[in-house]
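K.L.:
Sequence:
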Amino acid sequence: MNALFPNLSTSPNNLIFVDDKDLTRRIAQHLNTCLPAPYRNQKIIQHYHSGMSEAYLQQAHESFVSKDGMCRILIATSGESVVSKLVFSIHTYPLRIN
Numbered sequence: 001m002n003a004l005f006p007n008l009s010t011s012p013n014n015l016i017f018v019d020d021k022d023l024t025r026r027i028a029q030h031l032n033t034c035l036p037a038p039y040r041n042q043k044i045i046q047h048y049h050s051g052m053s054e055a056y057l058q059q060a061h062e063s064f065v066s067k068d069g070m071c072r073i074l075i076a077t078s079g080e081s082v083v084s085k086l087v088f089s090i091h092t093y094p095l096r097i098n
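If you read the sequence shown in the working numbering, its first letter stands for residue 1, the second for the next number, and so on.
Among these hints, one or two may not hold up.
To be verified - Simulated crosslink set (DSBU-like; lysine-lysine; CA at most 35 Å straight-line): (1) K67 <-> K43; (2) K21 <-> K43; (3) K21 <-> K67.
Since the hints were made in silico from the structure, they are not lab data.
Hey, can you work out the whole structure from these sequences and the hints?
P.N.:
Here is the structure:
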């Protein structure tokens, strides 16, 4: 693996909150295209909002909080803030996705 994309087992989890359900999907899709080709569509980046099935929400949450889970970046509405018990830093960046 190259230096620009570290081993997944040592990569920190990143939780990004947005206030629009559709934007969670759009950001996740965009970030997925930024991954090296072998890592795209591997559920490393997932989105999470109240319009999704309970089964998907549970899977995405478990994959994000589990030590062995694949999800390293979760784009979520505020619902995930209620169930996540993680220690993380909050960073704000201007974001524009067309």
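K.L.:
If a hint holds in the structure, say so; if it does not, say that too.
P.N.:
Hints versus structure:
1. K67 <-> K43: 15 Å, holds
2. K21 <-> K43: 18 Å, holds
3. K21 <-> K67: 26 Å, holds
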